[in-house]
Amino acid sequence: MKVLMFGWEFPPHNSGGLGVASAKLAYALTAEGIEVVFVLPRRIGIEKGPFKILFADETPVTFYEAQALSSGYVSSEQYKERRALLRDAQYGITLFDEVMRYAIRAKSIAKLERCDVVHAHDWLSFGAGITAKRVSKRPLVAHMHATEFDRTGGSNINEEVYMREKKGMESADRVVAVSSLTKRMIVDRYGIAEDAVDVVYNAADTHADRHETPDPVLQFKNATGKKMVLFVGRFTLQKGPDYFLRAADLVLKHDKNVFFVMAGSGDMEPQIIRLAAELGISGSLFFSGFVRGEELCSLYRAADVFVMPSVSEPFGITTLESLSHGTPVIISKQSGVSEVLNHALKVDFWDVEETANKIISVLRHKSLQDTLEEHGRREAAKYTWRDAAAKIIGIYERLLGRHRLFY
Amino acid sequence: MPSVCFYFQVHQPFRVKRYRIFDIGQDHEYFNDCGNGNLNNRRIIEKVARKCYLPTNALIFDLLREHPEFKVSFSLSGVVLDQFEQCAPEVIASFQKLISTGRVELLSETYYHSLAFLYSRDEFEEQVSAHRLKVKKLFAFTPRVFRNTELIYNNDLAKMAEEMGYVGILAEGADHILGWRSPNFMYRPAGCSKIKLLLKNYRLSDDIAFRFSERSWRDFPLTADKFAQWISSHNGNGELINLFMDYETFGEHQWEDTGIFNFLRALPGEILKHPDNDFVTPSEAIARYDARDVIDIPNFVSWADVERDLSAWLSNSIQHDAAHTLYSLRERVLDTKDALLIENWRRLQTSDHFYYMCTKWFADGDVHKYFNPYESPYDAFISFMNALHDVQLRIGLKNKKI
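The listed protein sequences correspond, in order, to chains A and B. Anchor point for the first sequence: position 51 equals 51 in UniProt numbering, and the numbering is continuous, going up by one each time. Anchor point for the second sequence: position 332 equals 332 in UniProt numbering, and the numbering is continuous, going up by one each time.
For the record, the hints were derived by calculation from the structure and aren't laboratory data. In this text, a Cβ means the ideal position worked out from N, Cα and C, and glycines have one as well. Please note that the accuracy of each hint is not assured.
Stated by the list, open to error - Straight line, CA to CA, 27 Å or less: simulated DSSO-like cross-link-like pairs of lysine-lysine:
(1) LYS134/B / LYS51/B
(2) LYS2/A / LYS107/A
(3) LYS48/A / LYS221/A
(4) LYS398/B / LYS337/B
(5) LYS400/B / LYS256/A
(6) LYS253/A / LYS382/A
(7) LYS360/B / LYS366/A
(8) LYS360/B / LYS382/A
(9) LYS346/A / LYS256/A
(10) LYS159/B / LYS97/B
(11) LYS253/A / LYS400/B
(12) LYS111/A / LYS166/A
(13) LYS226/A / LYS253/A
(14) LYS253/A / LYS166/A
(15) LYS136/B / LYS194/B
(16) LYS333/A / LYS360/B
(17) LYS107/A / LYS48/A
(18) LYS400/B / LYS134/B
(19) LYS360/B / LYS346/A
(20) LYS398/B / LYS136/B
(21) LYS134/B / LYS253/A
Said to hold, decoys possible - Part of the chain A face toward chain B, derived, beta carbon under 7 Å:
(22) ASN357
(23) ASP370
(24) THR371
(25) HIS375
Whenever a hint applies, use it, and build me the whole structure from the sequences.
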């Protein structure tokens with residue numbers, strides 16, 4: 001079976017969970033014997049993997065420009081409007097424009113790469129997925145890693161994005177949601193039929209025990225003699241970095257022997273730095289910037305507790321990553337991952353007192369930290385990309401009307 | 001023969017409210033949740049009194065009048081009696097009425113339904129004495145048979161109960177302690193010479209307590225005549241059938257609409273249809289039946305979960321940490337001579353607090369979740385430890401003043 005998969009970003013060139021999840025899934029599908037052709041909008045430097053990767057901007061220029069103006073996807077009026085906007089854009093291109101170009105370029109790719117199923121990740125790739133479906137006449141799977149309601153924290157959604165998400169899901173033969181929380185959102189807010197949506201949870205890789213790995217961050221922490229609380233995520237409304245700071249403030253009022261690390265970047269950064277100063281906690285706060293790979297692992301390993309106070313989190317892969325490094329988690333109840341985890345402390349994102357109460361409790365009681373670590377790691381290990389891939393393959397097979405006997 | 005011996009456990013803990021770090025040193029009321037959830041102790045007592053205690057007591061009273069041969073026994077924890085006095089005195093009255101028939105026996109236990117025997121023999125003895133006083137005061141009854149919290153039992157406990165003057169003690173008839181032997185006889189605990197041991201027939205007991213409304217059970221629906229036939233089938237191969245269960249089985253765990261009350265109403269009549277069957281209280285059973293064998297139980301058994309051991313209360317490190325911290329305060333709490341503080345500390349000893357912290361989600365998970373008023377075992381631990389932290393602060397303040 002061959003799947004033509006449209007993604008938007010790919011590690012190490014990713015800004016969040018979308019790139020991680022789509023890449024991990026592609027690897028796991030390949031391992032299960034599926035032929036994956038992974039398409040990205042632009043050429044980026046990535047190592048050669050076990051599956052074919054295509055860059056849409058390397059398709060013939062004449063081909064897509066000729067199609068651009070006559071494309072039914074965006075009217076030429078709109079296109080001219082956007083061209084006007086383009087001149088002001090920092091890199092001479094807007095996001096919508098790039099999304100549109102990607103959709104147009106998908107046509108030639110779909111013609112070149114004959115496939116059984118088309119699979120597109122998030123609205124950024126849905127345009128490309130729709131085009132590929134039309135050209136190839138193969139079924140489309142629309143995979144929702146986040147909705148516009150999550151990204152905006154529910155207020156001031158971008159209508160254009162919303163329409164594209166809706167259109168992508170409506171055009172799809174099957175929709176995949178990363179949690180029941182996201183599925184509910186898709187059904188309630190986008191009017192998609194409940195039985196058209198499957199839930200496939202994300203996963204995380206397993207890691208060595210945190211106590212067994214020598215580590216610079218851990219050495220630093222041990223030298224300070226303090227406990228460490230970790231936040232990992234973009235500094236955006238959705239991730240609740242401001243709630244993290246307010247909880248940190250309450251913790252520090254009770255216990256000075258703690259420091260907080262925020263790993264990430266984003267448009268709220270100036271606001272976060274200002275808030276920390278206003279609260280007078282800058283001295284106990286470290287910003288690591290956006291980190292990945294081994295650096296991120298070392299933060300997970302050194303932390304005593306990880307906090308994800310997201311306002312709206314479709315899944316929350318970082319939670320599983322933290323647990324797999326043996327660090328207990330405090331997670332927002334407004335997250336998909338809280339559906340699958342028993343061995344996590346759960347809070348309403350807005351209840352900073354409760355978040356602080358739980359942070360202090362984990363730091364104060366080693367027994368609590370140990371129990372959460374032991375059970376949490378085991379529970380997180382139950383969610384593997386292999387199982388996620390198996391569920392996705394089941395979806396492909398149902399779409400193609402094939403049923404394996406021994407599945 | 002056989003004789004049927006009913007023992008019903010009546011107990012409700014003082015659940016700890018959601019008590020945060022910020023409450024420590026500010027709020028010394030740990031048990032006064034007044035919300036609409038399952039941490040509101042008054043609300044639960046009122047609800048269970050309405051659904052279970054009052055209607056079941058009325059039914060048992062009717063059955064005692066109707067069948068002169070019918071007998072039952074109860075063990076009422078001190079903390080449930082305290083709560084009845086505060087929130088539902090009519091339940092006390094209805095138990096008094098039952099006991100006045102002379103065919104209802106009361107058993108002895110620790111006042112706080114605690115794990116004290118595992119941590120401090122002195123504390124254990126004090127709580128047993130306190131419970132005896134309470135039972136004597138409310139019901140003019142002096143128990144002669146002992147049952148420990150959740151049927152937690154071993155040889156040492158039996159020895160201690162014998163030394164305290166009890167004629168009998170109750171335990172779970174777990175397969176691993178019985179081996180080829182049957183629970184349907186009287187036994188003697190290893191190392192004891194006088195006290196007798198009554199073992200729960202867990203199959204028949206759990207048929208009522210757990211499986212009664214389970215549609216997937218092959219014997220569903222359970223009727224009184226079917227159950228009475230199972231009892232009668234022990235004629236010739238058993239003398240005593242011990243049916244031990246939570247009293248809340250009637251109307252609370254098994255709701256009225258399952259037919260549990262109709263079952264109970266019909267049961268004594270059905271059992272007595274067979275001329276060789278009768279009913280006994282534990283004391284009568286002890287007087288009537290000789291011990292057939294010695295049962296050696298060096299390790300603790302209980303009636304909880306599939307393991308029938310201590311793991312429901314003491315298996316993970318948060319449970320051990322909480323219990324150890326709690327009991328390690330004993331000398332210092334008692335030194336304060338502050339009655340309220342000592343009472344608060346003792347109410348934190350009730351075994352349920354540790355049950356709520358259990359993380360054995362996967363085998364017995366459903367039962368634990370059903371009985372857990374907290375969102376998770378961890379939430380139970382956090383509120384408990386914060387309250388305990390406040391107790392420690394109060395001890396410190398008190399001892400400083402002296």
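To see whether the hints hold, each was checked on the structure:
In summary, the hint linking LYS134/B to LYS51/B is supported, as the alpha carbons are separated by about 25 Å, within the 27 Å threshold. About 17 Å separates the Cα atoms of LYS2/A and LYS107/A, which keeps this hinted pair within 27 Å; it holds. Simply put, LYS48/A and LYS221/A have alpha-carbon atoms about 37 Å apart, too far for the 27 Å limit, and the pair is violated. A threshold of 27 Å between alpha carbons decides the hint, and for LYS398/B with LYS337/B the separation of about 9 Å falls inside it, so the pair holds.
For the hint linking LYS400/B to LYS256/A, the alpha-carbon distance of about 26 Å falls within 27 Å, and the restraint holds. For the hint linking LYS253/A to LYS382/A, the alpha-carbon distance of about 38 Å lies beyond 27 Å, and the restraint is violated. Of the supplied pair hints, the one linking LYS360/B and LYS366/A holds, its CA atoms being roughly 19 Å apart against a limit of 27 Å. As the CA atoms of LYS360/B and LYS382/A are separated by approximately 16 Å, the hinted pair is consistent with the 27 Å bound.
A distance of roughly 24 Å separates the Cα atoms of LYS346/A and LYS256/A; the hinted pair therefore holds under the 27 Å criterion. For the proposed pair LYS159/B and LYS97/B, the alpha carbon gap of about 34 Å is over 27 Å, so the pair is violated. At roughly 25 Å between alpha-carbon atoms, LYS253/A and LYS400/B fall within 27 Å of each other, so this suggested pair holds. With a CA separation close to 25 Å, the supplied pair LYS111/A and LYS166/A stays within the 27 Å bound.
The straight-line distance between the Cα atoms of LYS226/A and LYS253/A is roughly 15 Å, inside the 27 Å bound, and the hint therefore holds. Pair hint LYS253/A plus LYS166/A does not hold up; C-alpha atoms about 46 Å apart against a cutoff of 27 Å. Distance hint between LYS136/B and LYS194/B is fulfilled; the C-alpha atoms sit about 24 Å from each other, no more than 27 Å. Between LYS333/A and LYS360/B the alpha-carbon distance is near 22 Å, which keeps this suggested pair within the 27 Å criterion.
Between the alpha carbons of LYS107/A and LYS48/A the distance comes to roughly 24 Å, so the proposed pair stays at or under 27 Å and holds. Using a Cα cut-off of 27 Å, the hinted pair LYS400/B and LYS134/B is violated, with the two alpha carbons roughly 33 Å apart. Between LYS360/B and LYS346/A the CA atoms are separated by roughly 19 Å; this keeps the pair inside 27 Å, and the hint holds. The straight-line distance between the Cα atoms of LYS398/B and LYS136/B is roughly 33 Å, outside the 27 Å bound, and the hint therefore fails.
Taking the CA atoms of LYS134/B and LYS253/A, the gap is near 45 Å; set against the 27 Å cutoff, the hint is violated. Hint status for ASN357/A: holds, given a least beta-carbon distance of 4 Å to chain B, under 7 Å. Annotation: interface hint on ASP370/A holds; nearest CB of chain B at approximately 5 Å, less than 7 Å. A distance limit of 7 Å between C-beta atoms decides the matter here; for THR371/A the minimum to chain B is near 5 Å, and the interface restraint holds.
Satisfaction of the interface hint for HIS375/A is found here, the shortest Cβ-Cβ separation to chain B being roughly 6 Å, below the 7 Å cut-off.
Hint check: violations occur at hints 3, 6, 10, 14, 18, 20 and 21; the rest are consistent with the structure.
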